[in-house]
Amino acid sequence: MATNAATRSAADRAGPDGPADHAVRTEALWKIYPQEPRPVEAVRGVDLTVERGEFVAMAGPSGSGKTTVLNLLGGLTRPTRGKVWIDGLELSALPDRKLAAVRQNHIGFVFQSYNLLPMLTALENAEFTLMLQGVPARERRERVLRLFHEIGLEGMEHRRPFKLSGGQQQRVAVARAVLGAPALVLADEPTANLDSTTAEALLDVMQQLNRDKGTTFVFSTHDPRVMKRAGRLIRLVDGRIAEDVVRGGG
Amino acid sequence: MGRLPTLAWLALRNLGREFRRSALTAAAMALGLALLIWSRSLADGAHEDWIDAGVRLGEGHVTFTASGYRDSKSLDDRLSAAQLEVALRALGEVEFPDAFATAPPLASVRVETRGLASSPDGALPVFIVGVQPSVEPGFSRLGEEVVDGRYLEEGDRLHAFIGASLAERLGVRTGSRMVLTAQSASGDIEGQLVRVVGTYRTGVQGLDESLVHILLATARAWLGVEGATSVAVLLPNSTFTDPVRGELDSATRPDGIQVVGWPESLPDLYAALQLDDGGDWAFHVILFIIVALAILNAIFMSVLNRKRELGLLRALGLSGGETGLVVYIEGVLLTGASGIVGVALGMVIVFVFFRDGMDLSGLMPDDINFGGIAFDPVMVPVIQARHVVQSVLLTATIGLAASLFPAWHAARLDPAESVKVE
Ligand SMILES: Nc1ncnc2c1ncn2[C@@H]1O[C@H](COP(=O)(O)OP(=O)(O)OP(=O)(O)O)[C@@H](O)[C@H]1O
Ligand SMILES: [Mg+2]
Chain A
1 MATNAATRSA ADRAGPDGPA DHAVRTEALW KIYPQEPRPV EAVRGVDLTV ERGEFVAMAG
61 PSGSGKTTVL NLLGGLTRPT RGKVWIDGLE LSALPDRKLA AVRQNHIGFV FQSYNLLPML
121 TALENAEFTL MLQGVPARER RERVLRLFHE IGLEGMEHRR PFKLSGGQQQ RVAVARAVLG
181 APALVLADEP TANLDSTTAE ALLDVMQQLN RDKGTTFVFS THDPRVMKRA GRLIRLVDGR
241 IAEDVVRGGG
Chain B
1 MGRLPTLAWL ALRNLGREFR RSALTAAAMA LGLALLIWSR SLADGAHEDW IDAGVRLGEG
61 HVTFTASGYR DSKSLDDRLS AAQLEVALRA LGEVEFPDAF ATAPPLASVR VETRGLASSP
121 DGALPVFIVG VQPSVEPGFS RLGEEVVDGR YLEEGDRLHA FIGASLAERL GVRTGSRMVL
181 TAQSASGDIE GQLVRVVGTY RTGVQGLDES LVHILLATAR AWLGVEGATS VAVLLPNSTF
241 TDPVRGELDS ATRPDGIQVV GWPESLPDLY AALQLDDGGD WAFHVILFII VALAILNAIF
301 MSVLNRKREL GLLRALGLSG GETGLVVYIE GVLLTGASGI VGVALGMVIV FVFFRDGMDL
361 SGLMPDDINF GGIAFDPVMV PVIQARHVVQ SVLLTATIGL AASLFPAWHA ARLDPAESVK
421 VE
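In order, the protein sequences belong to chains A and B.
1 is the number of the first residue of the first sequence in this note's numbering; add one for each residue after it.
1 is the number of the first residue of the second sequence in this note's numbering; add one for each residue after it.
Do not take every clue at face value.
[Claimed, not checked] Okay, derived cross-link-like pairs now, DSS-like style, lysine-lysine, Cα gap no bigger than 25 Å in a straight line:
{"#": "1", "chain 1": "B", "residue 1": "420", "chain 2": "A", "residue 2": "98"}
{"#": "2", "chain 1": "A", "residue 1": "83", "chain 2": "B", "residue 2": "73"}
{"#": "3", "chain 1": "A", "residue 1": "228", "chain 2": "A", "residue 2": "213"}
{"#": "4", "chain 1": "A", "residue 1": "98", "chain 2": "A", "residue 2": "83"}
Worth flagging that the hints you see were computed from the coordinates, not collected in a lab.
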């Protein structure tokens, strides 16, 4: 079990079973979409714990509930039943405003595409979360520039998203997700729109950040090569966890 | 809210990104406002002309009389010499802002009575007004409508200036003599022999047939009056009417003097203007509802187009309310910019293109008149601050109201659904 999350003090927060050292934990999580003629049970009783510093891939056939689970973990969707703890905070009781604050301060999102705000430059996009968190301008610039340097985005700072390649856009999105120092980064098929070389490069960046900064990643994918890079592989079938394998390394 | 600057910054960047759409939306609003200001100023200009023509018929913007005179029209209810002095002193103490000091108020002291005008050919009922020749030409401008002879001058003690129609019907002309008969202050019927010094024609039948001007001094001596029946006052323009009337009223009421404004003394004209104003407003409101729908459509479409982005903002930590606020601030900024541009554009249109007025004579019959008031076919725009402010408020209200729905819609977007949109 990876435990390189010593930077966070979670001793003061209590989960269901004592001090929460988990990045995220769910209990009997259900999501049912009211739908004609019959409701869709997209997620059916998921119990999942992700520890700090893990690098988790979520696989499964199309429609198996990967996106829905990630959205539930990130507080973007409310569960029909069951509970989610992020950093020891239970989400189901939180009002909208608080839930938004949890997304801002504890979660980093990376979607499949169109991750960036088109009216902002790469640098402004990357520092957006820090801006919402109230980090002073000078400090956030420094942090963005340093990270851009580390992940090969130097010189892209002032470009608008439409002038970046798909891989560069995804890297900016990963940078933004990581910079807010979240409990975990949720990435829904981050490489689906990239060719295999670019996908590998993005995985390299994510892995590097996981290793060097201890950022927790949970990402969904259809790509077997991407799955291979994960330290833990969860297979979803019909809204349930069918397989959960920890392979170490990561 | 500490994040307001960030949200405003986002809104500004959004507008900047969709600059063409933003500019078009703002332009529609600004043009609407400019049009509103322009048409208000033309209407105000036309109304000012009507009021001017109306008040010059005799009543002025404000009129002093002794209380009771309005109902009785009797010499018994006249202003005494002392009351006249009080009234004129009160008027002298009214202060007008410098910007309008170009035309000081003009007070016409009058003795008026109904009576008969007789000649060897017959007798006709007339309305006789004793006037000061030094003041009256600048007031009624009857002197500009001379057909024959001239207007009254100082020293024309036994003369009268009469309408051309009256002259025809009495069979008199300039130089002829006639007799005016009326009841004097003492109650006796008194005759006054006068010579016609000139005739006028205004085109308004009621005046041309019955209005007779003689000198104030002649009227006083003939009717045994010291003071006056009324003092009519022309103000620099009609917007002063209410405040000045109020000021004069409180200054002179204790002395048994009544002060009325033109809306009261010319109720028909006032009603006609109100009706015209009402029609204008209805038209403007309809125009602006159309503009509002265009704005609503533009902002709403942009929200629909940006569903994905708005969902992303939610994922990044904005609440629904904050996301709606970003959209609303966009509407506020658009409305603000439109307001500034619209007022500027309106002023430019009014002052650059219509400085000398808009000539409608081609559209109007030659001698159009209305309730005894002749129309001037040249409409000269008048900017009234009050109406500009009203127009701006109308635009702002509509812009801000039209932004509400898209903002509300944005606030209610489901974040998970929104980020799915490709
Ligand atoms: N808003 C919704 N309303 C109704 N049904 C939904 C909604 N969102 C998802 N679903 C259904 O829930 C199930 C799980 O969908 P989800 O998007 O989580 O699958 P996924 O594993 O991410 O699929 P993919 O690999 O194609 O992205 C599917 O059957 C889908 O049709
Ligand atoms: Mg999916």
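Hints and how they fare:
1. B:420 x A:98: Roughly 23 Å separates the two Cα atoms, so the pair holds.
2. A:83 x B:73: violated (90 Å)
3. A:228 x A:213: This hinted pair holds, its Cα atoms lying about 21 Å apart.
4. A:98 x A:83: Holds - the C-alpha atoms of residue 83 (chain A) and residue 98 (chain A) are around 16 Å apart, at most 25 Å.
Hint 2 alone, counting from the list given before, is not met by this structure.
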